[in-house]
Amino acid sequence: MLNKTIVKLAIPMAVGALALTGCGGGDSGSGGDVYKIAFQGPLSGDNVQLGQNMENGIQLAIEQANASGDLDFKIEYVPADDQGLPDKATAAAQKAIDDTDVVAVIGPAFSGPADTAAEVYGAAGLAAVSASATRPDLTTKGYETFLRAVPNDSSQGAGMAKYLTSKLKVEKVVVVDDKTDYGIGLADVAEKSLKDAGVDVVRQSVPQKTPDYSAAAKNVVKNKPDALIYAGYYQDAGPFAKKLKEAGFDGVAMSDDGTNDQQFIELAGDASDGWLLTCACTDATQEEATKKFAADYEKKYKQAPGTYSPESFDVTNMIIEEIKKLHEEGGVERQALVDALRGVKYKGLTKEFSFDDKGEFTNQTVYLYQVKGDSIEYQGSVDDLVG
Amino acid sequence: MSLSEFWDFLVLGVVLGSLYAVIAIGYTLVYGVLQLLNFAHSEVFMFGGYGGLLALTALIPETTPSGMNSVLYVAIGMLAGAALGGAVAFGLERVAYRPLRRHNAPRLVFLITAIGASFFLYNLAGKLFGRNALPMPAMYENGTALTVFGAELTVTQLLILVSAVAMMVLLDYVVNRTKMGSGIRAVAQDPEVAALMGVDIDKVVSRTFVLGGLLGGAAGFLFGTNSQVWYTMGFLPGITAFAAAVLGGIGNVRGAMLGGLVLGVVETMTVGLWGDDWRYVGAFVVLVLVLMVRPTGILGERLGRTA
Numbered sequence: 174m175l176n177k178t179i180v181k182l183a184i185p186m187a188v189g190a191l192a193l194t195g196c197g198g199g200d201s202g203s204g205g206d207v208y209k210i211a212f213q214g215p216l217s218g219d220n221v222q223l224g225q226n227m228e229n230g231i232q233l234a235i236e237q238a239n240a241s242g243d244l245d246f247k248i249e250y251v252p253a254d255d256q257g258l259p260d261k262a263t264a265a266a267q268k269a270i271d272d273t274d275v276v277a278v279i280g281p282a283f284s285g286p287a288d289t290a291a292e293v294y295g296a297a298g299l300a301a302v303s304a305s306a307t308r309p310d311l312t313t314k315g316y317e318t319f320l321r322a323v324p325n326d327s328s329q330g331a332g333m334a335k336y337l338t339s340k341l342k343v344e345k346v347v348v349v350d351d352k353t354d355y356g357i358g359l360a361d362v363a364e365k366s367l368k369d370a371g372v373d374v375v376r377q378s379v380p381q382k383t384p385d386y387s388a389a390a391k392n393v394v395k396n397k398p399d400a401l402i403y404a405g406y407y408q409d410a411g412p413f414a415k416k417l418k419e420a421g422f423d424g425v426a427m428s429d430d431g432t433n434d435q436q437f438i439e440l441a442g443d444a445s446d447g448w449l450l451t452c453a454c455t456d457a458t459q460e461e462a463t464k465k466f467a468a469d470y471e472k473k474y475k476q477a478p479g480t481y482s483p484e485s486f487d488v489t490n491m492i493i494e495e496i497k498k499l500h501e502e503g504g505v506e507r508q509a510l511v512d513a514l515r516g517v518k519y520k521g522l523t524k525e526f527s528f529d530d531k532g533e534f535t536n537q538t539v540y541l542y543q544v545k546g547d548s549i550e551y552q553g554s555v556d557d558l559v560g
Numbered sequence: 020m021s022l023s024e025f026w027d028f029l030v031l032g033v034v035l036g037s038l039y040a041v042i043a044i045g046y047t048l049v050y051g052v053l054q055l056l057n058f059a060h061s062e063v064f065m066f067g068g069y070g071g072l073l074a075l076t077a078l079i080p081e082t083t084p085s086g087m088n089s090v091l092y093v094a095i096g097m098l099a100g101a102a103l104g105g106a107v108a109f110g111l112e113r114v115a116y117r118p119l120r121r122h123n124a125p126r127l128v129f130l131i132t133a134i135g136a137s138f139f140l141y142n143l144a145g146k147l148f149g150r151n152a153l154p155m156p157a158m159y160e161n162g163t164a165l166t167v168f169g170a171e172l173t174v175t176q177l178l179i180l181v182s183a184v185a186m187m188v189l190l191d192y193v194v195n196r197t198k199m200g201s202g203i204r205a206v207a208q209d210p211e212v213a214a215l216m217g218v219d220i221d222k223v224v225s226r227t228f229v230l231g232g233l234l235g236g237a238a239g240f241l242f243g244t245n246s247q248v249w250y251t252m253g254f255l256p257g258i259t260a261f262a263a264a265v266l267g268g269i270g271n272v273r274g275a276m277l278g279g280l281v282l283g284v285v286e287t288m289t290v291g292l293w294g295d296d297w298r299y300v301g302a303f304v305v306l307v308l309v310l311m312v313r314p315t316g317i318l319g320e321r322l323g324r325t326a
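Respectively, the protein sequence lines represent chains B and A.
If you read the first sequence in my numbering, its first letter stands for residue 174, the second for the next number, and so on.
If you read the second sequence in my numbering, its first letter stands for residue 20, the second for the next number, and so on.
In short, the hints are calculated from the structure, not lab data.
Where is the CB? At the ideal position from N, CA and C, for every residue including glycine.
Hints may contain errors.
Said to hold, decoys possible - Okay, derived cross-link-like pairs now, BS3-like style, lysine-lysine, Cα gap no bigger than 30 Å in a straight line:
1. B:Lys268 <-> A:Lys146
2. B:Lys473 <-> A:Lys198
3. A:Lys146 <-> B:Lys209
4. B:Lys472 <-> A:Lys198
5. B:Lys382 <-> A:Lys198
6. B:Lys520 <-> B:Lys497
7. B:Lys518 <-> B:Lys545
8. B:Lys342 <-> B:Lys497
9. B:Lys342 <-> B:Lys465
10. B:Lys352 <-> A:Lys222
11. B:Lys475 <-> A:Lys146
12. B:Lys352 <-> B:Lys368
13. A:Lys222 <-> B:Lys261
14. B:Lys475 <-> B:Lys498
15. B:Lys472 <-> B:Lys397
What the hints assert, rightly or not - Below, a sample of chain A positions facing chain B; criterion: calculated Cβ distance under 7 Å:
16. Glu24
17. Glu81
18. Pro84
19. Arg150
20. Asn151
21. Asp219
22. Ser246
23. Val290
24. Gly294
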């Protein structure tokens, strides 16, 4: 009886093993070069949706590049999951570094992990191009291979303040951060910009995953502000928005690119209606240049592109193009690719990509969105709106 | 803090505290009969949230129900939450703890098993239900239900308060007035003598877990209604409720209720006075101060008698 079971199991396993070796042999036999692009971001954990938006954009770019026939090499995708947490960042980075075929990394997606992992990538001479880590000080720490392909939170915080003061003429604002690296960094900039514009600011902190947002909402309302800025992610903005509505908050509510996701509306329900959301990202379905991308994306993933999907798509294509140039010149080395990317001038779907000598993005436009009913509607760039 | 703000925060604190109290009972009951700190109870709570959520998602109509329909759906959600919580607690005892008791494993092994079971359960939930938070479907229009001393109570808050009090009264009755309750108390006092007197210890332990699980599951549903449901939602409320059980006197059911209320009020008052980053500082300062004066908690330890 027992022996029979073993035999039953052993046959398919042996066949499987043969099939696997067969595949391996076929691959190396064809002689094509393979370069891998890794993505470090939250592919599990509480903020998985943001990671998936980017992963989908990256995979779409890779798939289209491989299918285009322009490349005489093959690009492969490697996921490196850090759950968006700093303490998981080093292990995720090491996974990408240890795979010697990986020539560039997109990410780390979040600011906290980026701060932890950028040094590791620097030591390995591996380019880390983040399309979403927006904490301002990441580019001031001298990380050798870290490039930021997105406007930082200084622009986002300043953009929030600019819209509230110049357009809406608010006089008193409560700024709430979520005690994460990202939230505090963004809230600091927003607070400073508002104060510079002569606005009365009350600063509060509500740590992520607070079990009960009703007290926090009361704390906001009792200050009677004209506007609220919440610097954090959708998972907390959802219940916070609900409780603000219950507490009778009637001012302008504004949040950031961490909240700018359909999930926010799912969680907050009708309490999310009217929220203003800023983002360094454009809406792929709105801008003329990105409509084809949006259609391809929807066809493949059965959902509309999310926050930072088009930017990730752009960054991936930018890296592929540099890989292609180096490949034609003879070979792709990690360090050579870092140098190439530092000097890049790439026109993507969403914007022009180029970096200053610190690896900071040179284009600092911030866009505004607003929740209307069941959808997040694109309003345009803050500069255009303020006029 | 003005007087009206004081009432506002007090009411919020009592609502939160009554939730903590119901969760804390689960810790204290199990500690009473087994001297086991069942850290996986926070996951029983979390599964309760998903139980209510899944049942309601399957049954609730597109438009928000009103009137008696609302009551019906609330009842369905609560029962589903309690049922799944009870089932998880039952399974937990069977799979994780009973084999250890058979082998007379040392206390530390139980504790580590509890932590392991907790890890397993919340990762399982993450796999099964996804890692995004999910909103509880609306069972009613959540407006202001009534006003107490100028503080407005929403329907959700009133629901939490009323059902938590009802559960606590019911549980107090079960523990003190029924045959099952005397079984639980007997095992808590002296398991060996209770066994000699014909009490089936395995049965009593299993029922104790289920009882705590029912309450924890219902609390998970209420918590999810108040905020949202996600796979690690048990962690913070679980830790706080455990602290509440210790504060009231672990093993003591009425102590757990009192401890929960005290911690809920202290937390929320702290938030009102100094902001949300001080929430747990206030709560745990009170915990330490009380334990310095009364090391066995406000009402003293043990379900049966003080040890």
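Here is what the structure says about each hint:
Between Lys268 of chain B and Lys146 of chain A the CA atoms are separated by roughly 23 Å; this keeps the pair inside 30 Å, and the hint holds. For the proposed pair Lys473 of chain B and Lys198 of chain A, the alpha carbon gap of about 61 Å is over 30 Å, so the pair is violated. Proximity of Lys146 of chain A to Lys209 of chain B is assessed by CA-CA distance (about 28 Å); at most 30 Å being required, the pair is judged to hold. Annotation: proposed proximity of Lys472 of chain B to Lys198 of chain A is violated, straight-line Cα distance about 63 Å (limit 30 Å).
A threshold of 30 Å between alpha carbons decides the hint, and for Lys382 of chain B with Lys198 of chain A the separation of about 41 Å lies outside it, so the pair is violated. Our distance criterion of 30 Å between C-alpha atoms is met by Lys520 of chain B and Lys497 of chain B, whose separation comes to about 16 Å. Simply put, Lys518 of chain B and Lys545 of chain B have alpha-carbon atoms about 36 Å apart, too far for the 30 Å limit, and the pair is violated. Distance check on the hinted pair: Lys342 of chain B and Lys497 of chain B sit about 50 Å apart at the alpha-carbon level, beyond 30 Å; violated.
Between Lys342 of chain B and Lys465 of chain B the alpha-carbon distance is near 38 Å, which puts this suggested pair outside the 30 Å criterion. Distance restraint check for Lys352 of chain B and Lys222 of chain A: the Cα-Cα separation of roughly 46 Å exceeds the 30 Å cut-off, and the hinted pair is therefore not satisfied. A C-alpha spacing of about 21 Å is found between Lys475 of chain B and Lys146 of chain A, which places the hinted pair at or below 30 Å, so the restraint holds. Under the criterion of a C-alpha separation no larger than 30 Å, the hint pairing Lys352 of chain B with Lys368 of chain B is consistent with the structure, at around 21 Å.
Between Lys222 of chain A and Lys261 of chain B the alpha-carbon distance is near 43 Å, which puts this suggested pair outside the 30 Å criterion. Restraint check for Lys475 of chain B and Lys498 of chain B: the C-alpha separation of about 34 Å exceeds 30 Å, so the hint is violated. Only pairs whose Cα atoms come within 30 Å are accepted, and Lys472 of chain B paired with Lys397 of chain B is rejected, the gap being roughly 46 Å. For the restraint placing Glu24 of chain A at the interface with chain B, the shortest Cβ-Cβ distance is roughly 6 Å, inside the 7 Å limit, so the hint holds.
This hint is violated: Glu81 of chain A has a C-beta 13 Å from the nearest C-beta of chain B, more than the 7 Å allowed. Because the smallest distance between the Cβ of Pro84 of chain A and any Cβ of chain B comes to about 15 Å, over 7 Å, the interface hint for this residue is violated. With 7 Å as the threshold, the beta carbon of Arg150 of chain A comes within range of chain B, its nearest partner Cβ sitting at about 5 Å, so the hint holds. The interface hint given for Asn151 of chain A holds, since its Cβ lies 6 Å from the closest Cβ of chain B, which is under the 7 Å cut-off.
Interface restraint check for Asp219 of chain A: the shortest CB-CB distance to chain B comes to about 37 Å, outside 7 Å, so the restraint is violated. Against a cut-off of 7 Å between C-beta atoms, the interface hint on Ser246 of chain A holds, since the closest Cβ of chain B lies about 4 Å away. Proximity of Val290 of chain A to chain B holds as hinted, the smallest CB-CB distance being about 4 Å (cut-off 7 Å). Contact between Gly294 of chain A and chain B, as hinted, is supported at the beta carbon level, the nearest pair being about 6 Å apart and thus within 7 Å.
Against the hints set out earlier in the document, violations occur for numbers 2, 4, 5, 7, 8, 9, 10, 13, 14, 15, 17, 18, 21.
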